[in-house]
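> So you can see what is in the structure, the chains are spelled out below.
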Amino acid sequence: MSDRIFGVFGVLLAIGFAIAASLIQESFLSDAVGPKAFPYIIAAILGLSSAVIALRPDPEPIWPPLGQLIEILAAAVVMILYAQLLPVAGFVIATAFAAAYLSWRLGSTILGACLTGVGTSVGIYVVFHLVLGLSLARGPLGF
Amino acid sequence: METLSSLADGFAIALTWQNIGLALLGCFLGTIMGALPGLGPSNGVAILIPLAFTLGLAATPSLILLTSVYYGAMYGGRISSILLNIPGDEPAMMTCLDGYPMAKKGMAGEALSLSGISSFVGAFFATWGLILLAPQLVKIALLFGPAEYFALFALAFMTLGGVSSTNQAKSAFAAALGLGFAMIGVDTQTGVPRFTFGEVHLYDGLDFLVAIVGLFALSEVFIFLENRHGEASAKGKTIVIGRLTPPLSMLKACTPTMLRSSFVGFIAGVLPGAGASLGSFLSYSLEKRMVDKDGTFGTGDPRGVAAPEAGNNAAAGGALVPMLALGVPGSGTTAVLLAVLLSLNITPGPLLFANNPDVVWGLIAALFIANFMLLALNIPMVGIFTRLLLVPPRVLMPIVAMVSFVGIYGISGSSFDLLVMIGFGLLGWVLRKFDVPLVPIILGTLLGNAMENNLRRAITIDNGNWWTLIDSPLAIGLWVVAIIGFILPLFFARKVKSGMQRGDAEGSIKD
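Line order of the protein sequences matches chains E and Z. Number 37 in this note's numbering belongs to position 37 of the first sequence; there are no gaps in the numbering. The number in this note's numbering is simply the position in the second sequence, starting from 1, with 1000 added.
By construction, these hints were calculated from the structure, which means they are not laboratory data. Since no wrong hints were added, every one of them can be taken at face value.
Facing chain E, a subset of chain Z residues (Cβ under 8 Å, in silico):
hint : residue
1    : 1183
2    : 1226
3    : 1433
If you want the ones that stay clear, here's a sample from chain Z, every Cβ over 12 Å from chain E, calculated:
hint : residue
4    : 1017
5    : 1245
6    : 1299
7    : 1358
If you're wondering where the values come from, they're calculated on a predicted model, not measured in any experiment. In this text, a Cβ means the ideal position worked out from N, Cα and C, and glycines have one as well.
Only chain Z is shown next, with the shape it has when bound in the complex:
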């Protein structure tokens, strides 16, 4: 009951003209970014964060804008999967398997609208899941002391690698690198400069927004520069879209699939380190095993379109649960959203629900609103987005690069930050070549200081006794989960990954 009244308050906050406008803008931009191959949700949100700040938006409106982009990108990814057989972003990969065959059979319109509805169902249930689960998680999180938080951060890093890379050593490397970046600057507890090498610009530390935009957006530009000759351009394929409403019988046949996939996707999203790609993969494989009796999956079975789309959108909602309730994101894009919160001086975690209920519930209400908007945008207006797919990378990528520069320059007005961003762009390109996941770097840069502070606080409280880190059952439990989460993928990750990859090269940006 309390939840419902909080939700009603949230709607009161979200239903202002400004917020509705921002949600609509976010949904629209997000769908475009999701649909365009090469611009995924993490890129899209990363580019827009600096802009949200420089425009001087308050906390709730900026979050509404950016989470609408997030949800929108999850919807948008399917469009190019279905029409062009090129996933618009990583979670949409599984949608290619049945979406493109459907389009080839002349059922593109049905596939688009059915996947739109599945996305809606997935996101809708996941938002309810978020409402029900997050407050429960908060209750547990309130029992956490500094030692438990330190263990929780370690858990986030150790499990994140499992799904985002085939090589655990590389994800550990990425996490340590990110943590190392976070150490740059003046030490918050004793005030001594660390790793600044006398450069005054570095005393404040590296701005993680600069790192995020460089690693995600600029490295993408470099990837395109490298691959431009082999680029399969989107032009020249005109597919007849056909009717934009799925027949009722098809909807009926897909309903159980959607519901099951929403549930599976949501759980995958909540688990640390999994994220939307795993959500859509698990839903698809589960459905294939459960209902594919005639072997029609992979040849344009509508259920094969509904399952991954419901799964990835549900996972997108699920990934918000640990991010909001614990301050530990479960996926790449939620890591970027965490950067938004931190830059707005809002510390996510249990206190967020107590101190800033307006932000939390306004955000949740906005998610519902955005979801309905996306359904409206994506079914009748899908034609607009299909036309936008024809924008070639040679026009798109310069715009992406320049908007990134504008955003970062707008925050600080300093050329130094732009240089750092270019450095991160090159670094991101090199690391992606080596198949080093980028998300742990971002997470390390974001959480490094909080992690260190909790470590030092825990040990200081216990008069310098390091054993205090594994002193409570809760902390031991977290460490056990962390270690299992790190070791299990050593045996299973390759199997799951090879199912997910389908020979796609740009695997470092997950989500």
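Bound-form chain E, shown alone:
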């Protein structure tokens, strides 16, 4: 079933891709092929392979229970927040929180997670910023 849904989604994606390709504005100075042809070919392959996937599905993949799915989404949300807050909070603070969260969710105790978070953050700061001179996001506190 999963593969059928996946295949149908792929076919829709291919159609969307072809429509988006047809909307490309052609320049008056174009080569013989133009900017649309290759995307059309790609859309065709995408659509064909998706149709095959939908018609001849593989055995069902093992989907995680809902709890684990939420776990992954939550981690993605934390990462998105991290990306957004990085310039605001500065590298060290943002990274310590993000790494601590991930470590906690991967099974550390709260204390262990905090230590991992701070250790990762300070460690990366020292190695990459102080030693190697990489520029990291700077927060209001200067680090």
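Following the hints, put chain Z in place on chain E, whose structure we already have.
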């Protein structure tokens, strides 16, 4: 003779303190990454690419660093296979079969050192193979016009799927998806924006480094988050390592095996789409058929350790041949290395040997140096690496995630790229669930623009005649190989795959 003098020039380039230091660092990091379950060579190289750039390394030093990581990871994978029966990366899977039984018999030290020596032999001969074969391939590649290049790219995509997935439709899907990602951005020939949906950030196109790090490294973090409860932790098993030198008689018994496996592995590596996993699989099966008369393979036969290790390291070297000579990588990790070259503004392919001989020969010399370093690192110091195996994923994976973020942020300094990377991480997780191979996506993203340019150039030269694509014997030959390479696995892949898989779930990242 010319080759030898070029090689000597290469050594002159590689033997600076900076390059030796980078090679050593790369070997060390690579061995760790190979040894830790969950971080394979493609992940390891992917995480380190952005760092190599942000540190401002020039082309040759960055390549030396990253290929040392590549070779190192191939060495490192065996450590956890032998000690814990968990392959550190996919090519090391076959090493479990005889390595772990050897360790259980109390011969862990012998198994580790023997596999280290086999890795060395495999990599050493493969590097020579690279030196001899790549220039010959370049001579052929010089005959290629745009139509042949287009066919060659098609060949790469069509053969890559054969080994990296059981389902050809899914690998075709992955390739088309990757090519589709490459189309995003301003069209290089006419200057019109494509698939940007008005988002200015997308005008430059998707940075393939962002895609690679997201698909490989972040998706791995998500996989670990998903599986954390069932995670077989490495702790608690202490295995006595014992003596770290194999007895001479064992070495002698394994020498023919090593040589044969190096040859088989190298060929498997050169073939497009095969890569190191197939190299180790083929070497093991061949040896099993040839020398296993008493049925000792699988019960801790030293030859069963030597064969896959020589095979996978030889394949690692072999996979560099098409990548350097044609610009078409033969495996996942070489696809990532191709990303390095492209980001450094070096176009691999026949002109690379003419225009940047310093890069090519410096790299090859560095491979020799790295190989000796790895032998030194892996035999006496293997104890350090076995202790690093005890780092639990709950500490390791946050570090991996954060280093990925640092690297990508360091390149562009933009949060937008980080968001795209997270998107690719989730995409990678979903696709791995569906058993869609990730390597064709990367390859598509990397090669999409070059492929399109060659198509358009070929047809423009011939005044809009599409038949020009199959106009020369060379192009027709390439198309025939491509089609055979696509169709054959439909019949044979399942058999080979079931031999390789042994019920391992994380099969999407090959190499």
